[in-house]
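There are 2 protein chains.
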Amino acid sequence: MTPRITPRTPSGFLELLPEEQLVFQRMLRTIQETYELYGFAPIETPAIEYAEVLLAKGGGETEKEMYRFQKGDNDLALHFDLTVPAARYTAEHLADLTLPFRRYQLQKVWRAEKPQKGRQREFYQCDIDIIGSRSILDDAEIPSVIYTVFQKLGFQDFVIRMNNRKLMNGFFAHLGCEDQSVEMMRLIDKLEKRDHQELKQEMQDLGVSVEAVEHLFDLVMLQGSWTERLSYLDSLGIENGLYQEGVLELRQVTEAMIALGVPETHFEIDLSITRGLDYYTGTVYETRLTHYPHFGSVCSGGRYDNLVGQYTEESLPGVGISIGLTRLFSQLLEEKIISIGAQTPARVLVARFSDQDLPQALDIARLLRESSIATEVYATAEKFGKQLKYAHKKGFPFVVIVGASEAEDGQVMLKDMQSGEQQILDIKELLKVIS
Amino acid sequence: MTPRITPRTPSGFLELLPEEQLVFQRMLRTIQETYELYGFAPIETPAIEYAEVLLAKGGGETEKEMYRFQKGDNDLALHFDLTVPAARYTAEHLADLTLPFRRYQLQKVWRAEKPQKGRQREFYQCDIDIIGSRSILDDAEIPSVIYTVFQKLGFQDFVIRMNNRKLMNGFFAHLGCEDQSVEMMRLIDKLEKRDHQELKQEMQDLGVSVEAVEHLFDLVMLQGSWTERLSYLDSLGIENGLYQEGVLELRQVTEAMIALGVPETHFEIDLSITRGLDYYTGTVYETRLTHYPHFGSVCSGGRYDNLVGQYTEESLPGVGISIGLTRLFSQLLEEKIISIGAQTPARVLVARFSDQDLPQALDIARLLRESSIATEVYATAEKFGKQLKYAHKKGFPFVVIVGASEAEDGQVMLKDMQSGEQQILDIKELLKVIS
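Residue numbers (the working numbering), protein chains in the order written: chain A, 1 to 435; chain B, 1001 to 1435.
Honestly, I wouldn't trust all of these hints.
What the hints assert, rightly or not - Simulated crosslink set (EDC-like; lysine to aspartate or glutamate; CA at most 20 angstroms straight-line):
(1) A:Lys71 <-> B:Glu1065
(2) A:Lys114 <-> B:Asp1073
(3) B:Lys1071 <-> A:Asp81
Stated by the list, open to error - Which residues of chain B face chain A? A partial, calculated answer using Cβ under 7 angstroms:
(4) Phe1069
(5) Ala1095
(6) Ala1112
(7) Asp1138
(8) Leu1260
(9) Gly1410
Please keep in mind that the hints were generated in silico from the structure rather than gathered at the bench. Just so you know, these numbers come straight off a predicted model, no measurement behind them. By construction, the Cβ of each residue, glycine as well, lies at the ideal position given by its N, Cα and C atoms.
Chain A with its partners taken away, still in its complex shape:
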């Protein structure tokens, strides 16, 4: 006998109870079904890749957070996102893919981050990308998928916020501060959390003039409806080509989004959205839950000029977005925003009074399952109260009781666990009531 080992998981790894996992899985499936509804096809990449392949873009912070290990002669690591593997996949299988390639990918990724509230070391990312197309229509498809996903997940109040990197870079050029654009973007990203006077001072410290900073603040603090905001952007009369292209794209994306069914209440042109990642070059997105601004962006992405540059001479532009489901779920769970229900996916527990009733119990279970009604048979003919207690604890909506004295041949008793109501039914009636 080996000595006993304490059953425990490393910190930073979320593990759910069955009743929580059932809710998580319903959310995951809703995301998957919605992605497919919009014509995205699934891919799945190995969790383990060559470290050099994952780091092809250059390591930085990422490298430190990778789970990396040697196996034989191979320097391997767990993927830390799905964008790099998708790029590798696309480059590797390009000859077999039809462009534009609409892929979705729902997988776990791993990052050895310092564990903290709302941060896990293992988490699901739910990504979509349209790869190999420059059509601005795609920039509108992405947020309309996201709108539908969050609707179907049951969220009423959320806003997809959009900006355009061309617009911003054109504006920086117009202000004459294109050399400071990266630092300026980083400061803009802090608008919600920091004092504006301080931010303005820091911008000036970068060598940007007071006037330019004021102009920039007018832009990023812009209010009004999306038509008003676009009119304002036009009215500035900025001659910069990149800026004008960016404004036009924002208009086209917005109009197509509306045609695709996204209501005006659920998106916003927000010039303060910058997104950290360097590779975005056009439209960028963030999504906020209106009543939970402290969750941060629950879904972000944007358009990039080239996904596969580190692997091939080909150049593939595209646009994509990602939902960090594990993080979102753990935040919802922590704040008790989602209701956790039954411990079982089954709707019916078949109980019985004696072992003599077993054949009938099994027969009824078979019929229920053949009618696609998820069913469990209580394993033994234990005291009836114990069977009911089990049904209650696991959260079955119905108990079918075989062998009740009130029932005639071929009849059973159906107990509605919510109302407590009981009725005697034959099989046909039973299937109809439960279906």
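Given the coordinates of chain A, assemble chain B onto it according to the supplied hints.
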């Protein structure tokens, strides 16, 4: 610019094209839905665990095949099966679980095996277990789930073969060779592949008498219907209690399976099934595809006395089974047994003649999606032939054409890509035809 890295994956890792992944995912979902139909609840455990937790049962071969690595002070590893994590999970969360605990788990596991045909280093296991119950009914539930799974996966000809370890151990005791039972089982496991005379000789070399070996061969080579086989087992008049218990269990399992709807054509009592794993103590299962015996067992499992012994003082018996889906899928793929279809989950491509038709195209896409019809809008108003070619290549069953000269206001043209037929329809008719 960093230098280009060749996009490639380590050997032994299966990566599918979208059209293959779509089929794989349908199979995975069928398994999941069937598991839920029988009242199994999902759990998911972290891919990364403490190495000592995964090795609590003792290492052996497993230890060499683990992907193990150090991170900070932690000795970690990727799980190599789902049974050990399920045991750890059950022991850790026991206070929050309701027994019997019916869990399913569909996850990837990793083993650094020597890559060979049909063996992957990363593969899905699809497990169910009923934990915390000694009811023999559970031993019948497990194969009836498996029967339904394989039916729903589209397999017509397969046989679930069952044996019972008590019966075998009782028989060995009856023969007086209980001390050699482990080696004898290992030899029986080779019956299909090796010469019987040689095997008999090796059994005798273990010190088992010629008569005992002959008796054993009569048992393991037993033919006939399940009733005949059970009658034969009874007719031997063996007084050993373990043997008798085993025969009784086989009878009870078989009768309950039939009541649960498993036809006699799809199971078999097969006394030559032994299963390698030490921890099985009662019923054991294997499943063969009749026309592909060289696939080996595609689904195996059995009953065990105690799942959680290495983690806690509690003792939890149970019964479970596992489908190795990645392996099965790669075998089916290799032998071209499954047909691979479209590259897209969408049923409709919306094409258009000019950018003027974009609003109508987007409107139709919205209506189709609202009717749960998966739809893609072609990104640009390119030459119509190019749009059709794309539809053909990706395998859309339907193309909806907006702006065709034959169509009046509010009408579109529907092209059936299979038959080539085209018809002019209004939106209502369109939704009806495609639904």
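Verification of the hints:
1. A:Lys71 <-> B:Glu1065: Roughly 10 angstroms separates the two Cα atoms, so the pair holds.
2. A:Lys114 <-> B:Asp1073: holds, 14 angstroms
3. B:Lys1071 <-> A:Asp81: holds, 19 angstroms
4. Phe1069: With a minimum Cβ separation of about 4 angstroms from chain A (threshold 7 angstroms), the hint on B:Phe1069 holds.
5. Ala1095: violated, 11 angstroms
6. Ala1112: At 6 angstroms from the nearest chain A Cβ, B:Ala1112 passes the 7 angstroms test, so the hint holds.
7. Asp1138: holds, 6 angstroms
8. Leu1260: Since the shortest Cβ distance to chain A is 5 angstroms, the answer is holds.
9. Gly1410: Constraint on B:Gly1410 not satisfied, violated at 16 angstroms.
Of the numbered hints given earlier, the model fails hints 5, 9; all others are met.
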